[in-house]
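Chains as they are written, first to last, in the UniProt record's numbering: chain A, 1 to 361; chain B, 1 to 361.
Do not take every clue at face value.
Calculated cross-link-like contacts (lysine to any residue; reagent style SDA-like; alpha-carbon spacing at most 25 Å) [unchecked claim]:
#, chain 1, residue 1, chain 2, residue 2
1, B, Lys210, A, Val357
2, A, Lys194, B, Lys194
3, A, Lys326, B, Glu256
4, B, Lys326, A, Asp62
5, A, Lys194, A, Pro294
6, A, Lys326, B, Lys210
7, B, Lys333, B, His306
8, A, Lys333, B, Gly236
9, B, Lys326, A, Pro321
10, B, Lys333, B, Leu358
11, B, Lys326, A, Val357
12, B, Lys333, A, Met1
13, A, Lys326, A, Val357
14, B, Lys194, A, Met1
15, B, Lys333, B, Pro308
16, B, Lys194, A, Ser312
17, B, Lys194, B, Thr84
18, A, Lys210, B, Gly305
19, B, Lys333, B, Leu307
20, B, Lys194, A, Pro317
21, A, Lys210, A, Val175
22, B, Lys333, B, Gly305
23, B, Lys194, B, Ser155
24, A, Lys333, A, Arg355
25, B, Lys194, A, Val357
Hints were generated in silico from the structure; no laboratory data involved.
These are the residues of each chain, in order.
There are 2 protein chains.
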Amino acid sequence: MRVGILGGGQLARMLALAGHPLGIESTVLDPGEGVCAGAVATHLVGGYEDADQLGRLSAAADVVTYEFEQVPETATTELARHNTVHPAPQALATGRDRLNEKRLFQELGIPTARFAAVDSYEALEAAVADIGLPAVLKTRTLGYDGKGQAVLRESGDIEPAWNQIGGVPLILEAVVPFGREVSMVAVRGTDGEKRFYPLVENLHREGILKESRPRFGDPLHGTAVDYAGRLLDRLGYVGTIALEMFQEGDRLLANEMAPRVHNSGHWTIEGAEASQFENHLRAVFGLPLGSTEPVGSCFMFNLVGHLPDPASVLAVPGAHPHYYGKAVRPGRKVGHITLRAETESLLEERLEQMRRVLPAD
Amino acid sequence: MRVGILGGGQLARMLALAGHPLGIESTVLDPGEGVCAGAVATHLVGGYEDADQLGRLSAAADVVTYEFEQVPETATTELARHNTVHPAPQALATGRDRLNEKRLFQELGIPTARFAAVDSYEALEAAVADIGLPAVLKTRTLGYDGKGQAVLRESGDIEPAWNQIGGVPLILEAVVPFGREVSMVAVRGTDGEKRFYPLVENLHREGILKESRPRFGDPLHGTAVDYAGRLLDRLGYVGTIALEMFQEGDRLLANEMAPRVHNSGHWTIEGAEASQFENHLRAVFGLPLGSTEPVGSCFMFNLVGHLPDPASVLAVPGAHPHYYGKAVRPGRKVGHITLRAETESLLEERLEQMRRVLPAD
Chain A
1 MRVGILGGGQ LARMLALAGH PLGIESTVLD PGEGVCAGAV ATHLVGGYED
51 ADQLGRLSAA ADVVTYEFEQ VPETATTELA RHNTVHPAPQ ALATGRDRLN
101 EKRLFQELGI PTARFAAVDS YEALEAAVAD IGLPAVLKTR TLGYDGKGQA
151 VLRESGDIEP AWNQIGGVPL ILEAVVPFGR EVSMVAVRGT DGEKRFYPLV
201 ENLHREGILK ESRPRFGDPL HGTAVDYAGR LLDRLGYVGT IALEMFQEGD
251 RLLANEMAPR VHNSGHWTIE GAEASQFENH LRAVFGLPLG STEPVGSCFM
301 FNLVGHLPDP ASVLAVPGAH PHYYGKAVRP GRKVGHITLR AETESLLEER
351 LEQMRRVLPA D
Chain B
1 MRVGILGGGQ LARMLALAGH PLGIESTVLD PGEGVCAGAV ATHLVGGYED
51 ADQLGRLSAA ADVVTYEFEQ VPETATTELA RHNTVHPAPQ ALATGRDRLN
101 EKRLFQELGI PTARFAAVDS YEALEAAVAD IGLPAVLKTR TLGYDGKGQA
151 VLRESGDIEP AWNQIGGVPL ILEAVVPFGR EVSMVAVRGT DGEKRFYPLV
201 ENLHREGILK ESRPRFGDPL HGTAVDYAGR LLDRLGYVGT IALEMFQEGD
251 RLLANEMAPR VHNSGHWTIE GAEASQFENH LRAVFGLPLG STEPVGSCFM
301 FNLVGHLPDP ASVLAVPGAH PHYYGKAVRP GRKVGHITLR AETESLLEER
351 LEQMRRVLPA D
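Input sequences plus hints: build the corresponding full structure.
As structure tokens, then:
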């Protein structure tokens with residue numbers, strides 16, 4: 001079995017690592033030289049609109065998938081002529097546009113914060129009048145990890161925000177006072193079977209995910225399963241998806257979906273019977289899905305802009321570091337650490353030990 | 001961190017796969033084209049006495065290790081001039097010679113079956129008279145998976161056995177009526193710390209390992225830990241080792257040691273907190289050892305000479321196939337499947353399911 005992956009970053013790297021034991025060889029297409037998936041996959045160097053390299057990727061793969069949602073439509077359309085492409089380009093198109101995404105949530109009865117399309121300064125003023133402040137103005141496409149966003153706290157912020165990111169299609173979203181950020185990582189197979197990992201609690205700082213913790217038996221797990229399930233079925237989705245939500249009181253408000261393996265599911269490598277990476281591959285190859293049952297208790301730390309001393313990390317029992325083989329730069333995700341323990345109380349002890357090793361920020 | 005590995009088969013492949021998350025890049029030296037570790041490591045094609053390629057391996061590695069014990073001494077001696085080599089070539093030399101190995105066991109007070117050196121036909125006759133029959137005649141070096149061995153059941157077998165493998169240094173060993181074949185996989189760090197996986201029960205057919213099952217809480221675990229510990233300390237060993245033993249009544253008789261990661265420890269990838277591969281790498285790099293505690297209950301099936309249908313295997317809950325990317329040939333190890341469950345009784349259920357998928361033999 002041969003998979004082609006658009007993008008050669010850490011998600012592709014972890015997909016390729018999950019593939020080898022299953023007998024799945026990976027080829028990645030990525031314009032960067034020496035991308036981190038290249039250590040475990042064949043790397044074709046080229047842009048996502050490079051017809052020659054797309055042809056090579058197509059020839060090297062039975063199934064094509066991707067590690068990021070900003071793939072140009074021309075690439076997936078071209079690949080879909082020759083290969084099975086999962087998740088379907090339609091899911092990609094929806095996930096690429098925050099407005100379409102929110103409208104889909106609405107249509108499926110999945111609650112969201114209030115939002116409005118903003119295509120002009122006048123529309124922005126009208127949207128603020130309607131939704132109120134605080135609110136966040138976002139580009140409809142191409143935003144990730146907090147980029148392409150401006151927070152509006154008072155009316156004086158409207159003009160600077162417009163100057164900062166205006167001129168492209170935007171969306172204004174109400175900022176809701178929320179208790180938790182959570183995500184549901186789920187997978188759907190070619191036969192429509194769906195499996196759901198436990199609900200995950202996430203902590204972001206400056207728009208970048210810092211910590212994730214699966215919460216087994218969370219009272220909102222069922223609600224999140226219901227929402228993610230509706231989305232998977234409507235999209236006829238095949239593969240792993242993540243639905244990010246805010247908790248407001250006892251409600252979940254959908255924020256965005258990621259039509260791919262997701263950072264908040266990295267703990268599944270050690271913490272679930274089959275990881276999100278393995279399940280994504282099982283799904284796109286039409287194989288039976290693996291169990292999403294937890295194996296002990298888990299916590300994930302992202303390593304952003306720094307790599308701690310390996311010996312100190314490995315001295316903590318149950319620590320499973322994952323270094324991505326990337327050069328360290330400020331704000332760059334260069335690895336993650338999953339901490340696992342048989343019980344929640346033992347996990348708490350180990351968390352304390354690990355927090356002494358990791359730099360505070 | 002960069003590791004060089006002599007040999008590029010499935011053990012090197014699984015070492016390399018364990019290395020990537022830890023930030024350890026692997027380079028393997030192996031004369032075969034397209035060896036299976038090549039998919040996840042840099043592969044230098046060359047013999048183990050090829051000075052140029054040994055030089056390249058040395059330059060590409062901080063630490064050198066190996067996946068098989070038949071490495072020529074010239075290679076390890078040359079590499080040890082420039083690199084840290086673990087386990088030490090001395091352990092390799094002992095493990096390479098069945099007679100020295102048995103004498104070492106004896107010296108350490110580790111029981112063995114009766115044995116005698118055989119260097120001539122007359123010595124063979126004398127050894128048979130002393131030890132009795134049945135017995136097994138083995139080459140002192142280069143034997144593995146049942147090769148270079150002849151079983152002597154009656155005196156008429158002596159001459160044919162001599163004709164078959166005589167002319168090189170041999171050892172005659174008593175065949176003991178044993179209840180179980182077991183192994184102890186253990187690891188020792190540069191600081192002398194030792195960790196032990198649970199005792200494993202093994203089933204061989206025609207000299208090839210077919211099945212392994214860790215037995216948590218086995219009454220002979222402590223004895224096995226004691227024996228393996230003596231061996232590790234005497235050899236000043238660094239890395240993962242396996243000690244294979246027979247159980248005769250309530251005694252363990254050491255059969256042989258493997259100074260490397262071992263087939264009977266493959267279940268540790270999913271079934272222990274840190275796998276034998278990860279712990280070997282942690283050890284040889286002088287990093288803290290990982291926990292050898294079990295994670296649920298496990299069973300391992302070797303795939304020898306056949307690959308079952310992937311979909312049928314993956315339909316069994318808790319199944320973790322590991323395909324080595326090798327062409328299927330009769331008698332060749334081409335993969336293994338670890339079956340994991342939270343409890344022994346659930347494991348039994350899954351074992352029944354898996355046995356229906358795997359061909360009987």
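**OP:** Assess, step by step, whether the Cα of lysine 194 (chain B) is no farther than 25 Å from the Cα of proline 317 (chain A), and give holds or violated.
**Re:** The hint holds at about 15 Å.
Original post:
Hey, lysine 326 (chain B) versus proline 321 (chain A), does the alpha-carbon distance stay inside 25 Å?
Top reply: violated (29 Å)
Subject >> Given hint valine 357 (chain A) paired with lysine 194 (chain B) - CA-CA distance at most 25 Å >> reply: holds (24 Å)
**OP:** Mind checking the alpha carbons of lysine 326 (chain B) and valine 357 (chain A) for me, to see if they're no more than 25 Å apart?
**Re:** violated (41 Å)
Original post:
Taken at face value, is the distance from the CA of arginine 355 (chain A) to the CA of lysine 333 (chain A) at most 25 Å?
Top reply: Distance of about 18 Å is within 25 Å: holds.
**OP:** Quickly compare the C-alpha distance for lysine 194 (chain A) and proline 294 (chain A) to 25 Å and report which way the hint goes.
**Re:** holds (16 Å)
**OP:** Verify the proposed pairing of lysine 194 (chain B) with serine 155 (chain B), using a straight-line Cα cut of 25 Å.
**Re:** Cα-Cα ~45 Å, so violated.
**OP:** Below or equal to 25 Å on CA atoms is what counts here, so check lysine 326 (chain B) against aspartate 62 (chain A).
**Re:** Distance ~19 Å between lysine 326 (chain B) and aspartate 62 (chain A) Cα, so the pair holds.
**OP:** For the pair we were handed, lysine 333 (chain B) and methionine 1 (chain A), check the Cα-Cα distance against 25 Å.
**Re:** The given pair, whose Cα atoms are some 19 Å apart, holds under the 25 Å limit.
Subject >> Pairwise hint evaluation, valine 357 (chain A) against lysine 210 (chain B), where the allowed Cα distance is 25 Å at most >> reply: violated (43 Å)
Subject >> lysine 333 (chain B) paired with glycine 305 (chain B) [C-alpha distance capped at 25 Å] >> reply: Holds, at roughly 6 Å.
Original post:
Are lysine 333 (chain B) and proline 308 (chain B) close enough, with their CA atoms no more than 25 Å apart?
Top reply: Holds, because 13 Å separates the two Cα atoms, which is no more than 25 Å.
Checked against the numbered hints above, the structure breaks hints 1, 2, 3, 6, 8, 9, 11, 14, 18 and 23 and satisfies the rest.
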